[in-house]
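All residue numbers in the sequence shown are consecutive under our numbering, ending with 506.
FYI, nobody ran anything at the bench for these hints, they're computed from the structure.
Yeah, the Cβ is synthetic: ideal placement off N, Cα and C, and Gly gets one too.
One or more of the hints may lead you astray.
Now the in silico label distances, taken between C-beta atoms and shown as ranges [what the hints assert, rightly or not]:
(1) Asn347 - Asn405: 38 to 48 Å
(2) Thr229 - Val322: 15 to 25 Å
(3) Ala351 - Thr69: 32 to 42 Å
(4) Thr66 - Thr339: 44 to 54 Å
(5) Asn430 - Leu306: 31 to 41 Å
(6) Val126 - Ser378: 50 to 60 Å
(7) Gly198 - Pro87: 47 to 57 Å
(8) Gly198 - Asn421: 26 to 36 Å
Think about it this way: if two alpha-carbon atoms lie no more than 25 Å apart in a straight line, the pair counts; the simulated DSS-like pairs of lysine-lysine are [unchecked claim]:
(9) Lys233 - Lys309
(10) Lys501 - Lys80
(11) Lys80 - Lys48
(12) Lys76 - Lys162
(13) Lys498 - Lys447
(14) Lys76 - Lys175
(15) Lys272 - Lys233
(16) Lys449 - Lys76
(17) Lys309 - Lys272
(18) Lys175 - Lys162
(19) Lys449 - Lys80
(20) Lys48 - Lys498
(21) Lys447 - Lys48
(22) Lys162 - Lys233
(23) Lys162 - Lys498
(24) Lys76 - Lys42
(25) Lys80 - Lys233
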Amino acid sequence: MSRTGRRLRDLIGQCRGNVAVVFALTVSGMILIGGGGIDLMKMSSNRKYLQERVDATALYVANGLTSSTLGTAQSKAQTKLAAIVEPSHGTLADIATSTTDGTLTLSASLTTRSSFLGLIGLANLVTEASSTVTWGETSLEVALVLDNTGSMADSGKIDALKSAATNMVTTLAAKTTSANSVKFALVPFATFVNVGSGYSTASWIDSTGLSPNHSTYFSTSLNRFTLYTALGKSWPGCVETRPSPYDVDDTPPSVANPSTLFVPSFHPDEPKSTWFYTYANSYLGDVTNSNDEITKLTYAPKYTSLTGKDFSVSTFYSNYQVAKGPGFFCDVKPIVRLTTNTTTINNAINALTVSGSTNIPEGLAWGWRMVSPQGPFSDGQSYSSNTLKIVVLLTDGTNAINTFNTPLGGAYSSWGYPYSNRLGNSPGTNLRDGLDAKTRTVCSAIKAKGIKVYTVGLMIDDTAGQQLLSDCASGTDYYYNSPSAGQLSAVFTSIAQKIIKLRIAR
1 MSRTGRRLRD LIGQCRGNVA VVFALTVSGM ILIGGGGIDL MKMSSNRKYL QERVDATALY
61 VANGLTSSTL GTAQSKAQTK LAAIVEPSHG TLADIATSTT DGTLTLSASL TTRSSFLGLI
121 GLANLVTEAS STVTWGETSL EVALVLDNTG SMADSGKIDA LKSAATNMVT TLAAKTTSAN
181 SVKFALVPFA TFVNVGSGYS TASWIDSTGL SPNHSTYFST SLNRFTLYTA LGKSWPGCVE
241 TRPSPYDVDD TPPSVANPST LFVPSFHPDE PKSTWFYTYA NSYLGDVTNS NDEITKLTYA
301 PKYTSLTGKD FSVSTFYSNY QVAKGPGFFC DVKPIVRLTT NTTTINNAIN ALTVSGSTNI
361 PEGLAWGWRM VSPQGPFSDG QSYSSNTLKI VVLLTDGTNA INTFNTPLGG AYSSWGYPYS
421 NRLGNSPGTN LRDGLDAKTR TVCSAIKAKG IKVYTVGLMI DDTAGQQLLS DCASGTDYYY
481 NSPSAGQLSA VFTSIAQKII KLRIAR
């Protein structure tokens, strides 16, 4: 073989060796990169896993913690974390607690063996998590203000609401071990809010006709409870909205200021229908010979004579056919005051029924009163940083009161008849404008007290309606637009998770 041939052979041999080395290094690098990605994914999963359990443990330890029991925080945290962190996720270590200025900080680490990064000396994967929560008298008060209007019967909305709301209650209740640290209230709303017929003798109900609104629809002073008795009927529990400025606040009711009392609803006997005007709830004879519709409505002697008494089913509305009488339009279920009993709340949610029109400001005002330390119930704790107060509003529509081309202006609601002008609307203007203005006022007042407001619009296409709910919420993250009933469960789950996080200081 020539010298040139031998050199060529040697060169080829050297190249083969280099290629083998390069190939081996390339394959090893690819395995390391791919395997390292798997290890990093494991670390990310462990970090989320550990953070959730550190958060839960911090809340657990903080509940019931007092100045005299601060020394137990470390042992309680160690015991709780050891019980809820599964060994398959790694070795728990570095559990530490500290308390400063009414807060408890808990930190911990989780170590697991790497699968591939050990090739470069990273045999262990360590993740860390910490959580800081307030401790002491921390509590949570949640008022669910839920639309029960007739349109909620469509597209499976009411059933979806029942499922989503009960699941949220169960989720929030499960995040505490203190019997009194989480309370719930329920405010179903439609044309009215029903406070419960059992409060007929309560001091905050205007049972003696002191309020300026009590005899608005009677030509002489009459007592509404007396009229119920005379008609052989019982007050179903609904109340009218208080006169401004008490309509959208939590001023305690007092006989010293009759305007602050709550007037029991009493649907007046409406005039008999004629060729010119038709009415939904005429259950007595007009008695008077006057042709004036307002005079017919308010003529007091008819409640004494009881001429032509007729409590038959009204057929005025195609989707609301119930017996005529003074309780007309009061079909919404009663409120449930703040309670720690989740069974009571969930049973009430599952019993909700639908009818009537959308009266958002009235629902919100009563939602506020549920968590307020003021009367009529005074169930809420004081407005304090140690109490997290929440109002969750759900509605599937925009504010509305049925309006008709009659001298009465429309239907009777918690705001009385439209012609009474309690909403501040000039004759002929859209009642929605007045209701929207009241909604904005009560939302601002609620938030000014430090109460967090979540709003949910269910299948609302109206842009102004969506904007109203967005403005009412405590922030952009507190407003939800649910385009379908099927998405409502996810919405309420998200709200529950955000409420839980609000209890964690950082």
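Now the hints, each set against the structure:
no.: 1; hint: Asn347 - Asn405: 38 to 48 Å; in the structure: holds (43 Å)
no.: 2; hint: Thr229 - Val322: 15 to 25 Å; in the structure: holds (21 Å)
no.: 3; hint: Ala351 - Thr69: 32 to 42 Å; in the structure: holds (41 Å)
no.: 4; hint: Thr66 - Thr339: 44 to 54 Å; in the structure: violated (25 Å)
no.: 5; hint: Asn430 - Leu306: 31 to 41 Å; in the structure: holds (38 Å)
no.: 6; hint: Val126 - Ser378: 50 to 60 Å; in the structure: holds (51 Å)
no.: 7; hint: Gly198 - Pro87: 47 to 57 Å; in the structure: holds (54 Å)
no.: 8; hint: Gly198 - Asn421: 26 to 36 Å; in the structure: holds (32 Å)
no.: 9; hint: Lys233 - Lys309; in the structure: holds (12 Å)
no.: 10; hint: Lys501 - Lys80; in the structure: holds (19 Å)
no.: 11; hint: Lys80 - Lys48; in the structure: holds (18 Å)
no.: 12; hint: Lys76 - Lys162; in the structure: violated (37 Å)
no.: 13; hint: Lys498 - Lys447; in the structure: holds (17 Å)
no.: 14; hint: Lys76 - Lys175; in the structure: holds (16 Å)
no.: 15; hint: Lys272 - Lys233; in the structure: holds (21 Å)
no.: 16; hint: Lys449 - Lys76; in the structure: violated (35 Å)
no.: 17; hint: Lys309 - Lys272; in the structure: holds (12 Å)
no.: 18; hint: Lys175 - Lys162; in the structure: holds (21 Å)
no.: 19; hint: Lys449 - Lys80; in the structure: violated (35 Å)
no.: 20; hint: Lys48 - Lys498; in the structure: holds (16 Å)
no.: 21; hint: Lys447 - Lys48; in the structure: violated (32 Å)
no.: 22; hint: Lys162 - Lys233; in the structure: violated (31 Å)
no.: 23; hint: Lys162 - Lys498; in the structure: holds (20 Å)
no.: 24; hint: Lys76 - Lys42; in the structure: violated (28 Å)
no.: 25; hint: Lys80 - Lys233; in the structure: violated (57 Å)
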